[in-house]
Structures are given as structure tokens and as C-alpha cells.
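Asks: Model the full assembly from the supplied sequences, consistent with the hints where possible.
Residue numbers (the working numbering), protein chains in the order written: chain A, -19 to 129; chain B, -19 to 129.
Incorrect hints may have been included.
Copies of the same chain look alike in the list, so a pair counts if it works inside one copy or between any two.
Claimed, not checked - Below, a list of computed lysine to any residue pairs in the SDA-like style, where the Cα atoms sit at most 20 Å apart:
id, residue 1, residue 2
1, K111, S(-1)
2, K31, N76
3, K111, G39
4, K31, Y9
5, K31, R48
6, K31, P74
7, K111, R83
8, K111, T90
9, K31, R60
10, K111, G87
11, K31, G94
Note that these hints are calculated values from the structure, not bench results. No experiment lies behind these values; they were computed from the predicted model shown.
There are 2 protein chains.
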Amino acid sequence: MNLSTRFTVALHILTLLASSREEPLTSEYIAGSVNTNPVVVRRLLGLLRQKGFVSSQPGNRGGWQLVRNPDAITLLDVRRAVNEGSPFSMHTNPPNPACPVGRNIQGALTGVYGQAERALEAELVQTTIQKLLRSVQARARGLIFLAYL
Amino acid sequence: MNLSTRFTVALHILTLLASSREEPLTSEYIAGSVNTNPVVVRRLLGLLRQKGFVSSQPGNRGGWQLVRNPDAITLLDVRRAVNEGSPFSMHTNPPNPACPVGRNIQGALTGVYGQAERALEAELVQTTIQKLLRSVQARARGLIFLAYL
DNA sequence: CCATCTGTAACCATAATATTTACAGAAGAA
DNA sequence: TTCTTCTGTAAATATTATGGTTACAGATGG
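Replies: Structure below.
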């Protein structure tokens, strides 16, 4: 797999939690929706708890709940929280410093990559978990007539 | 490593070839600049030849050369040529269709992801191999005073 | 107490990539 | 023609990221 699915799964889970703010959801229930293992869910939610998005309650009637307001959580916040890095990556081994191109290519690329990444992030900051939930709910009611809601 | 370095290495190689349009460069020479194995270079260049960016010449005095004009090659062209996919990826296993969120989350995400990807590509299309070469050359001459040239 | 859940470690499986060796064949040069 | 230089590829191995699974200690409410 080329990329991590953590971002997608995190959005899925946060949307699920946003749809059930009154009572906590267990990692097993969440895993049932995501179609994965409860431990995978707990690992990811543990990360999101560290970043202050959710809280957990052990023991009977425990589970996970949203802490922050779903329309105060942007997709960019989530992306950063799950450590989804840049869509670009430099050479594994440093290029040859004796070659003029090798010595300067990374510096040249850093600027371009940075610009592209900022454009990406500018889009992600436009959407919140709340918007995502509304979109999912509208689809569940069959109210989607436009491609991008 | 989170992501493939193919895109970066492809840009490095194409910039190198753009700096030596008169005579072909061998995979061994190129590998020396990139600091990797000649076979890795040949595999990647084989892909770029299929897409019409470069040509190869076997035998004595052979090597690789640019076919297209370096300012007619955008970073987006290269990105697509090396099969660098979307920076986002959906669930590994399909979410639970019995869950309203599970059933609709992918549809909701497709729109957002598409928008973000288009923003990214709109940036990549602004830069060409020629621009990259100029940027590298300016750096080689110590003429870089601005962060993003 | 007991059933329910989190928190985490440990281990295995999988997939994408990169690295390396090896060698057949093409092609210019002597 | 023969030699040397390169490409074109296959094959085997190593590395890394990720995901899936089992196991179990500890917390907690009923």
C-alpha cells in the first residue's frame, strides 16, 4: 500500500463519535463500523486523545467520546494529529554533494514542495468533522444530488 | 519510509539530463549523482521512456537523453508518469455497509480529497524541469537570496 | 465480585521499495 | 571481427511502514 489509511480511518472514527456525542462508543463497536480490529482503533484513538480530540473511559459502560466541538476540528487538524507527513519525500540517501545538481536539487525542491503542500492544507482546513457528518447524514437520507457536498 | 521517493528521484534525473542535452548520460553516472544503484536508475528511466520523456541508447557511448523540451515538462507530468498516486487513501477493508457512517463516509471523503488533490496539482503544474534547472543553477552559483525561487 | 473496556506489549503478515548480483544483447570503436 | 561499454531485465534479499491478532494487566460501574 502506497499510503497510510490512518487519516481516512481517523476521519471515519471522529465522524462516528460526532454522531454519538451523548454516549461513549467502544473500540469494538467502532471497529465494527470501520471493519478492522479493536486494537487498531484503540491505537489510533490513543493518539487522538494525546492531541486532545477525544477522551476515553475504561471499565463498564466506558468507551470513547469527542472532547472538542466537531465544527472546531478541521481535516488539517486531524491530518497533523495522525502524523500524516508530507505527500513528498526526498532521497533515501543524500545526493552526491560533488555534483552541482546533486548538491542543490533538494534546496530547489523544498520550495516547490512547500508551496504544493500549503495549497493542499488550505483545502483541508476548509472542511470540519461537523461538515463531514452533515455530508454523511445527507447521503444516508439519499439527498445527494451534487457531486461534492 | 512513508512515501515513495520516485517522484523526487525522477525530478533529480530529469534536471540532470536537462543540464546535459548535447550528450547522453549513463545510468552509472546518474546513479553517482543520485547516490543509488544504476539498476534503480534504469528501471525509473525505463518508465520515463515509456511515457516519452527520455530515450536510451545501448552500447558504447550510449546512455540516456531528454526527448521533450525541459520547459514543456511540468512537475505534474512527471508525477503522473511515475505513478505517484493520491496523497490520500481509503480504508484497506471496505467499511461496514450496515452502519450509516460506514456506508457513506467514503462518498463524503471522495469530494474533499478530490478538491485537495486538484489544489496540489494546480501548484505542481506551475513548475517545469527548466525552472528546476534554473533554480539549481542559481543555487550552484550562490545566487539564492530568496527562500522560494 | 463480575462483566466490560481501556492500555499496551508482542508477534506475525503483507506490501511497497530499495539494493544488489548477474547476465543477455545491442552498438560504437579499434 | 573483436572488445568494451551500456542497456534491459530477472531474481533474490533487505528494509520499512502498516495493519491484524492474541494476550493480559488494570480500571470501573453495577
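Asks: Could you place K111 and T90 in one of the four classes (within, between, both, neither) given a Cα distance threshold of 20 Å?
Replies: For K111 and T90, only the inter-copy Cα distance (14 Å) is at most 20 Å; the intra-copy one is 33 Å.
Asks: Between copies, within a copy, both or neither: which fits K31 and P74 at Cα up to 20 Å?
Replies: neither (33 Å within a copy, 27 Å between copies)
Asks: Up to 20 Å between alpha-carbons, please classify K111 paired with G87: within, between, both or neither.
Replies: Close across copies (13 Å), not inside one copy (38 Å); limit 20 Å.
Asks: With identical chains treated as interchangeable, where does the CA-CA distance between K31 and R60 reach 20 Å or less: within a copy, between copies, both, or neither?
Replies: So K31 and R60 pass the 20 Å test inside one copy only (10 Å; across, 35 Å).
Asks: Please work out whether the CA atoms of K31 and Y9 approach to 20 Å or closer within one copy, between two copies, in both situations, or in neither?
Replies: neither (22 Å within a copy, 47 Å between copies)
Asks: From the Cα coordinates, with 20 Å as the cut-off, is the pair K31 and G94 best called within, between, both, or neither?
Replies: Neither: 24 Å inside a chain and 27 Å across chains, both beyond 20 Å.
Asks: Is the C-alpha distance from K111 to R83 at most 20 Å within one copy, between copies, in both cases, or in neither?
Replies: between (45 Å within a copy, 17 Å between copies)
Asks: Reference check for the pair K111 and G39, CA-CA at most 20 Å: within, between, both, or neither?
Replies: Intra 32 Å, inter 60 Å, cutoff 20 Å: neither.
Asks: Indicate which option fits the pair K31, N76 if close means a Cα-Cα distance not exceeding 20 Å: within, between, both or neither.
Replies: neither (39 Å within a copy, 27 Å between copies)
Asks: Could you place K111 and S(-1) in one of the four classes (within, between, both, neither) given a Cα distance threshold of 20 Å?
Replies: within (12 Å within a copy, 48 Å between copies)
Asks: Have a look at K31 and R48 and pick one of within, between, both or neither, based on CA distance no larger than 20 Å.
Replies: within (11 Å within a copy, 48 Å between copies)
Hint check: violations occur at hints 2, 3, 4, 6 and 11; the rest are consistent with the structure.
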